[in-house]
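Heads up: the protein sequence lines correspond to chains Z and C, in order. Count the first sequence with my numbering and you get residues 2 to 500, in order. Count the second sequence with my numbering and you get residues 211 to 898, in order.
None of these hints come from the bench; they were simulated from the model. Virtual Cβ for every residue (Gly too), placed ideally from N, Cα, C. Hints may contain errors.
What the hints assert, rightly or not - Derived Cβ-Cβ restraints for the label pairs, each shown as a range:
| hint | chain 1 | residue 1 | chain 2 | residue 2 | range |
| --- | --- | --- | --- | --- | --- |
| 1 | C | L429 | Z | N3 | 33 to 41 angstroms |
| 2 | C | I648 | Z | P438 | 50 to 58 angstroms |
| 3 | C | A603 | Z | A370 | 34 to 42 angstroms |
| 4 | Z | P438 | C | L750 | 49 to 57 angstroms |
| 5 | Z | T111 | C | Y794 | 43 to 51 angstroms |
| 6 | Z | N3 | C | G409 | 36 to 44 angstroms |
| 7 | C | V266 | Z | L473 | 21 to 29 angstroms |
| 8 | C | T857 | Z | G75 | 36 to 44 angstroms |
| 9 | Z | N162 | C | Y794 | 42 to 50 angstroms |
| 10 | C | T857 | Z | P74 | 50 to 58 angstroms |
| 11 | C | E212 | Z | P8 | 53 to 61 angstroms |
| 12 | Z | N162 | C | E324 | 48 to 56 angstroms |
| 13 | C | G853 | Z | V183 | 43 to 51 angstroms |
| 14 | C | L429 | Z | P438 | 48 to 56 angstroms |
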Amino acid sequence: MNQLGFPLISTMLIAPLLGALLVLFIPDRNVKAIKTTAFVTTLLVLGLSLLLYFNFVSGEAGFQFEETVPWIPGLGIAYHVGIDGLSLFIVLLTTLLSTIAVLSSWTAITERVKGYMVMMLVMETAMIGVFVSLDLFLFYVFWEASLIPMALLIGQWGGANRVYAAVKFTVYTFVGSALMLVAAIVIYLQAGTSDLPTLLTSLSLPANVQIWLFFAFALAFAIKVPLFPFHTWLPAAHVQAPTAGSILLAGVLLKMGAYGYLRFANPLFPAGVAYWAPLLSILAVVGIIYAALVALVQEDIKSLVAYSSVAHMGYIMLGIFNGGLLGTSGAILQMVNHGLSTGALFMLIGVIYERRHTRLMKDYGGIFAKVPVFGTFFLIAVFAGVGLPGLNGFVGEFTILLGTFTTAPVLAVLGTFGIILAAWYLLTAVRKVLFGPLNQANAHLTDMNVREILAAFPLVVFFFVLGLFPNLVFDKVNPTAEILAARPSGAQTALVISR
Amino acid sequence: MEQLFALTPLIPVFPLLAFALIVLWANKNNKLSAGLAIGGIGLSTLTSWAVIAATVAAGHEVQIAGWSLPVPWLPTAASIFNTGFAVDGFTAAMLFMVPLVCTLIFIYAAEYMEGDPRYARFFAYVSLFAAGMLTLIVADNLLLLFIAWEIMGLCSYLLIGFWFEKDSAKKAGLKAFLTTRIGDVLLFAGMLFLYSRTGTLTFREIFKPEVLDELSRMLIWGLPASTVISLLVFGGAVGKSAQFPLHVWLPDAMEGPTPVSALIHAATMVSAGVYLVARMLPLFAIVPQGTLSWVAIIGSVTAFFGATISIAQNDIKRVLAYSTISQLGYMMIALGLGGFLAGVFHLLTHAFFKALLFLGSGSIIHAVHHGAEHADDHHTDPQDMMNMGGLYAKMKRTSWAYFAGTAALVGIFPFAGFWSKDEILAEAWVQWHEAGSIGLPFWAWLAGTLGAFLTALYMGRQIGLVFFGKPRSKAAEHAVEPGNRMTVPLLVLALFAAFIGFINVPFIANGWLHHFAGLVHEPAEVLHLEAVPFQISVALVSTAVALLGFFLGWGMYRNLKAGQQDPLARMLGPVFTVLKNKYYVDEFYKFVFIDTTVALANFSAKFDYDWVINPIVNFVGNTGRLLGELSGRIDTVVVDGMGVLGTARLFKWMGRELRLTQTGQAQNYLLVIALVSLSLIAMYLFGI
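Bound conformation, chain Z alone (with noise of 0.2 angstroms):
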């Protein structure tokens, strides 16, 4: 179905393309022209995602705003898009994120400005291809195309480690998927169509086929979420990764992960949802206890925050695996809050290093009174990940810990844990940033401009509203939830882990 009789969601894919491609004719000395143009370009697609929001229908769980074109018509394949509302609200996310990706890099990024403006409108192409695709080998296509911009931007713009950590984020990942290319392979050959809707529906696989490939898919989500232990890419990426790099990172390529579950592996494979569903919810509250312990003990912020985000996604895990209607609700707007609250986080911490060039925690320290916006700003940031309520995470973690304790008490008990611990590490974090006696290096630090206000705030907002008003999410995710969270399978994979 599409309800604007308009290709609306091409469009957001090609703008961004004809964005990069007009900032290549932007001779190179005209930097603000390119930033400029690069800016608009986020802010149009970011608007377009708005018509997506506003034209929704609620209360459908199909595929809305449908687009089908023929492409290797010989062997079935075709270029298929849509969204529902599992995807609905990640498009936006990666809308929001890309136009603050690009507003946080006006000055922190000085040398080849062209290339990276363009790597992030290719980035911003990719990843919204990832979450429109209805075809797999669709979705695979913009899947690998969103490691090489991100791969670039670590290599090319990162920090003093930065080869190391673009060759191993691309390696890394590069191997899941290559798996999950031969799964889908194996699909396209079985069913003779990649096209998912129809797959949905007519697929029927012997047990330990879908097992396997299951696995195969899994596998893949597993590195991108990360979970546990396929994790130590991420550290390695956010560290040395530019600060946009980081935002897009942690806000909409991690969410790529949990999205390929839900999407993709779930829906597809009843039996290897029954039969490694226990495996990973455990994976994911040892990941919950596991990255909060090593958060706790970091020095440098940015690998404190990435290993939150490992802790945080395996929440995401938890209830995508165990938490039924609630739980899958849950995850979906956890992954979005996530998206928020890190990117936030990941952008703060961006405008203290571009002022101090260092990420050491014990660098800062009682720079609360001296810059007060941004501590107010960091403070909030904090809180919504430590899941205050009436900020967004705590919906978040409510509705996903809800639904567990339904089905799996005892993961939902450990995984309450994670919450004081979650606490500890963000709040050590602020003691050592914002608190304490000032630290003379840190005398001259001026406040946030409006530049970097503008990018903060929407975030900041955005914590309140879906913190006060969940249903302005649940509302439209819901029907589909309520569909992804019908597998036969949830009920008898509840059982064996609450024995």
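With chain Z held as given, fit chain C onto it using these hints.
Just chain C now, with coordinates in the frame of chain Z:
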């Protein structure tokens, strides 16, 4: 009158609005910020009075069943998660205390905080704090209560660490947040269990007899669901109300400005835990000998041990802090014995006299601090009682107000604490005698009575040290009474400390509070709700121990000289050292929990990137690279070297060698042609 109930949701909105306005608009203007904060809480107070009037007028049925307003919040497809507001007698009683005490504290703070660089921010935080507490008491469900509960956790964190440049303050803020967070998570878990078993978090739904009955028969981990859930909920209260073993954060919370201490110790925060237990009491009580016994045990332990620590502290606010812990223990004793109203009554009276004592101590600290500045002395700790003495002569208003608060706390007839503490002890006494054997009620009574003696002792010591004798420092000599904005709230609170007890005196209006607020749990049909009759023997015993303790403390300390050894330290020896160090609980926790977690965290970090996980990844990566290099080598040596390049080299070699035959001389070529031709002919002839 009924329509006035509709104002209820506005009660927390005013301070919330004040918070938002200060943060977004007035943050540069100190006067305006304080004005907004005081105006906001003042409006809440007036609105609360309207709602209280409506409750009084509505009569018994409404006071018990309550008025409520559900608000749909979180649709979960199958059902809509309602939140909402409710008022019954209990809520109305709380609505009398909380906003009023907050207002007085705010007015006081407007003077106390003068000169602070973050004055406006202070009033923003306290407004949000008050909004949290007010939301908590008008919530009709556990979820909204929890949200408010957490917002208070945030505010306490920000306010305790308000002077964040001080190392001790930033540590205390973190400690408070994390310690209470342990309780919060237990409460959170209890709440989630409750929802998963009943599908609701609304109080009146949970307390339907059939729901409670079902909860008592369902099992979680082999125990009745109601027991598991109520223990978890109690865990939350233990954290928030600073009960043993999670009491450690409250004394450190002294690092915040003194009005904050008053706020935390009286009107908000610690009251929230007791309120929660009182509100959820039917769930605690549905299984006899279950959670309630634990509440009583924890309460007794805390009431006694808190008081023992208090006698050995020299910091004026620390004495009061441990006193709060101990008094909260009394409330838990009452609730644990099923005495709903006794606990609530003490909660209300305590809020008034403890707010008074904290603000009074703030006024004393303020005076000594100014005295120190006047004497150009920057080393004297203005909170150390050993540096005080003789202050009665210098600050009469504060002194008299402080005496009234002390009388109320110690339980001198007819001050507030006399009535409320005695009702708790009477509850224990009656249950002990009904049981006819030495059981929990007896131990609770004993702990309470010994606690009463110790309470009187530490207050006598404090009064003696602070107000009597000769000043023991230059700072104390130059102390002066603060201004009206600080002393008037003290005097108002002193009036309440003296007379608020009469709202529940058996001989007056038949124990008015009991009928107004004491019957809210009637519909649940699990608690005994009739008031315990006045016990003259209990009253005599506790008055006797109180007088004894007070004069003992006062007598020993009133003439203490500077530098002289603490008389109790001389008497108690090593025991005093243990008390002074709060039984080393902090050290124990640091060793057992913090250090262990940090060690585990360090281990995990090493495990992650030095020892196991990252090395495995790198090993796989390096193996891949090695294999790549190896196949590269094979490529150059075998495939390229022998195959591709080898063939090429062969031809090149052949070319080079054969080139030699290309001499360019016709004779040579002819010779070759002749030889070849001859060979071919020979081959043909011989038939090869």
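Okay, the hints, checked on the actual structure:
| no. | hint | verdict |
| --- | --- | --- |
| 1 | C/L429 - Z/N3: 33 to 41 angstroms | violated (52 angstroms) |
| 2 | C/I648 - Z/P438: 50 to 58 angstroms | holds (56 angstroms) |
| 3 | C/A603 - Z/A370: 34 to 42 angstroms | holds (39 angstroms) |
| 4 | Z/P438 - C/L750: 49 to 57 angstroms | holds (55 angstroms) |
| 5 | Z/T111 - C/Y794: 43 to 51 angstroms | violated (56 angstroms) |
| 6 | Z/N3 - C/G409: 36 to 44 angstroms | holds (39 angstroms) |
| 7 | C/V266 - Z/L473: 21 to 29 angstroms | violated (40 angstroms) |
| 8 | C/T857 - Z/G75: 36 to 44 angstroms | holds (40 angstroms) |
| 9 | Z/N162 - C/Y794: 42 to 50 angstroms | holds (46 angstroms) |
| 10 | C/T857 - Z/P74: 50 to 58 angstroms | violated (44 angstroms) |
| 11 | C/E212 - Z/P8: 53 to 61 angstroms | holds (58 angstroms) |
| 12 | Z/N162 - C/E324: 48 to 56 angstroms | holds (52 angstroms) |
| 13 | C/G853 - Z/V183: 43 to 51 angstroms | violated (30 angstroms) |
| 14 | C/L429 - Z/P438: 48 to 56 angstroms | holds (54 angstroms) |
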